[in-house]
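These protein sequence lines map, in sequence, to chains G and V. As numbered in the numbering used here, residues 2 to 210 make up the first sequence, in order. As numbered in the numbering used here, residues 2 to 210 make up the second sequence, in order.
Treat the hints with care, since some could be wrong.
No copy is singled out in the list; a pair is fine if it fits within one copy or between any two copies.
Straight-line Cα separation of at most 27 Å, DSSO-like style, residue types lysine-lysine; simulated pairs [to be verified]:
#1 K15 <-> K109
#2 K120 <-> K21
#3 K109 <-> K59
#4 K173 <-> K15
#5 K109 <-> K197
#6 K171 <-> K15
#7 K173 <-> K163
#8 K163 <-> K118
#9 K120 <-> K197
#10 K171 <-> K21
#11 K202 <-> K21
#12 K173 <-> K202
#13 K171 <-> K197
#14 K21 <-> K163
#15 K109 <-> K202
For the record, the hints were derived by calculation from the structure and aren't laboratory data.
There are 2 protein chains.
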Amino acid sequence: MSLVDSLNWRYAAKRMSGEKISETDLESILEATRLSASSMGLQPYTIMVISNPEVRAKLQAAGYNQPQIVESSHLLLFTVWDGISEAHVDVYIRNIAQSRGVEVEDLKGFSDMINGKIKSLTPHEQQEWAARQVYIALGTALAAAAELRIDATPMEGFSPEKFDEILGLKEKGLKSVVMMAIGYRSSEDTLAGAIKVRRQKEALFSFVD
Amino acid sequence: MSLVDSLNWRYAAKRMSGEKISETDLESILEATRLSASSMGLQPYTIMVISNPEVRAKLQAAGYNQPQIVESSHLLLFTVWDGISEAHVDVYIRNIAQSRGVEVEDLKGFSDMINGKIKSLTPHEQQEWAARQVYIALGTALAAAAELRIDATPMEGFSPEKFDEILGLKEKGLKSVVMMAIGYRSSEDTLAGAIKVRRQKEALFSFVD
Numbered sequence: 002m003s004l005v006d007s008l009n010w011r012y013a014a015k016r017m018s019g020e021k022i023s024e025t026d027l028e029s030i031l032e033a034t035r036l037s038a039s040s041m042g043l044q045p046y047t048i049m050v051i052s053n054p055e056v057r058a059k060l061q062a063a064g065y066n067q068p069q070i071v072e073s074s075h076l077l078l079f080t081v082w083d084g085i086s087e088a089h090v091d092v093y094i095r096n097i098a099q100s101r102g103v104e105v106e107d108l109k110g111f112s113d114m115i116n117g118k119i120k121s122l123t124p125h126e127q128q129e130w131a132a133r134q135v136y137i138a139l140g141t142a143l144a145a146a147a148e149l150r151i152d153a154t155p156m157e158g159f160s161p162e163k164f165d166e167i168l169g170l171k172e173k174g175l176k177s178v179v180m181m182a183i184g185y186r187s188s189e190d191t192l193a194g195a196i197k198v199r200r201q202k203e204a205l206f207s208f209v210d
Numbered sequence: 002m003s004l005v006d007s008l009n010w011r012y013a014a015k016r017m018s019g020e021k022i023s024e025t026d027l028e029s030i031l032e033a034t035r036l037s038a039s040s041m042g043l044q045p046y047t048i049m050v051i052s053n054p055e056v057r058a059k060l061q062a063a064g065y066n067q068p069q070i071v072e073s074s075h076l077l078l079f080t081v082w083d084g085i086s087e088a089h090v091d092v093y094i095r096n097i098a099q100s101r102g103v104e105v106e107d108l109k110g111f112s113d114m115i116n117g118k119i120k121s122l123t124p125h126e127q128q129e130w131a132a133r134q135v136y137i138a139l140g141t142a143l144a145a146a147a148e149l150r151i152d153a154t155p156m157e158g159f160s161p162e163k164f165d166e167i168l169g170l171k172e173k174g175l176k177s178v179v180m181m182a183i184g185y186r187s188s189e190d191t192l193a194g195a196i197k198v199r200r201q202k203e204a205l206f207s208f209v210d
């Protein structure tokens, strides 16, 4: 099955069955997400993988009572770092050095470039930039779930402040951005059979030949 | 080949060979991108598909002279709508009505919801929200290219203002956000064989069981 087939299969399930996905499938989705591209490779985000029922009940109340929050198998909450520091960049640079067997000193040019880029941004711009990277990961995660015929619903409609409070994210230096519920569509979901609507190719793309 | 295999194969090529990708492969990548998820399904963006050599030479000068701008087969420039209007929403609603064979009047609740959401955002917030949707499409496009073993390099390093000017985007109500060069890696690209560096699973994910 090609990615195009998988994307044609998927939709944003509004109701899910509560059935759990397998550990193997969860691992595959997380691994694809982990391999996502990000600007300069920094991956300035942390992803909460939430299955706990009590926690999800609290999140549902802060998420317009959307049923997928409790009916999904797992909830992936994408959070960005609240402020990107030189310490974050150091961890990344050490990871490169270790992974590729090179010296940290040899990466100084790259390290300086990343720090320069980050310092050129205001705190708000840093968060927006990190949020954009999160959405690449979200796009990858959606594709990964669809390939396994697991339903995945991206969700922006919730109170990030309340989510942060419920999960103690402020203390961890994290801020909620977007979430994705994964699981299996419920037979009660009336949208399951709806025809997919997308912008026509002629409208979406503009060719400069 | 699974998506995880494809993502492990891919990297952001810094040099490309100039070889053209086939029309079939281009169509697949564009179709996957078109099928990307977006908030409320609106897809508030337009994607320029640029192959013209003269235009690309000009863009390269406004893009820190990065070689992929001219060495790629095609350049996909993701642009957001400069202001999301009720007219945009109307086009979308009519598309849903036509695709699903329902009456526009029956979609009034959904239409009002979208317009309400958009009007709750400042012009800057609208653009940021649209940009995030673009990055889902970028994530999808990267996965689609990797599946076909076509190289794809996401690029944020360019002057959006100059790109907009070169392409006459202001007149079209569009603003450049990010681009993706697609093509084939050059044998001169020293990064082609480098070990992929990603945050470790234990660092990237936080489990709430």
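Do the hints match the structure? See the list:
In the homo-oligomer, the alpha carbons of K15 and K109 lie at most 27 Å apart only across protomers (19 Å), although the nearest pairing inside one protomer, at 48 Å, exceeds that limit. In this homomeric assembly, K120 and K21 never come within 27 Å of each other (Cα to Cα): the closest approach is 43 Å inside a single copy and 38 Å across copies. Within a single copy, K109 and K59 get their C-alpha atoms no closer than 45 Å, and across copies no closer than 31 Å, so neither meets the 27 Å cut-off. When the C-alpha separation of K173 and K15 is checked against a cutoff of 27 Å, the pair qualifies neither within a copy, at 31 Å, nor between copies, at 35 Å.
Taking the shortest alpha-carbon separations for K109 and K197, only the inter-copy value of 19 Å comes in at or below 27 Å, while the best intra-copy value is 48 Å. Within a single copy, K171 and K15 get their C-alpha atoms no closer than 29 Å, and across copies no closer than 37 Å, so neither meets the 27 Å cut-off. Taking the shortest Cα distances, K173 and K163 sit within 27 Å of each other inside one copy (15 Å), while across copies they are farther apart (39 Å). In this assembly of identical chains, the alpha carbons of K163 and K118 lie at most 27 Å apart only when taken from different copies (19 Å versus 31 Å within one copy).
Taking the closest pair of Cα atoms, K120 and K197 come within 27 Å of each other only across two copies (26 Å); inside a single copy the shortest separation is 42 Å, beyond that limit. Within a single copy, K171 and K21 get their C-alpha atoms no closer than 29 Å, and across copies no closer than 48 Å, so neither meets the 27 Å cut-off. Within a single copy, K202 and K21 get their C-alpha atoms only as close as 36 Å, which misses the 27 Å cut-off; across copies the closest is 21 Å, which meets it. Taking the shortest Cα distances, K173 and K202 sit within 27 Å of each other only across copies (17 Å), while inside one copy they are farther apart (43 Å).
Taking identical chains as interchangeable, the C-alpha atoms of K171 and K197 are never at most 27 Å apart, the minima being 38 Å within one chain and 31 Å between chains. In this assembly of identical chains, the alpha carbons of K21 and K163 lie at most 27 Å apart only when taken from the same copy (26 Å versus 50 Å across copies). In this assembly of identical chains, K109 and K202 lie within 27 Å of each other by CA distance solely across copies; the values are 25 Å between and 44 Å within a copy.
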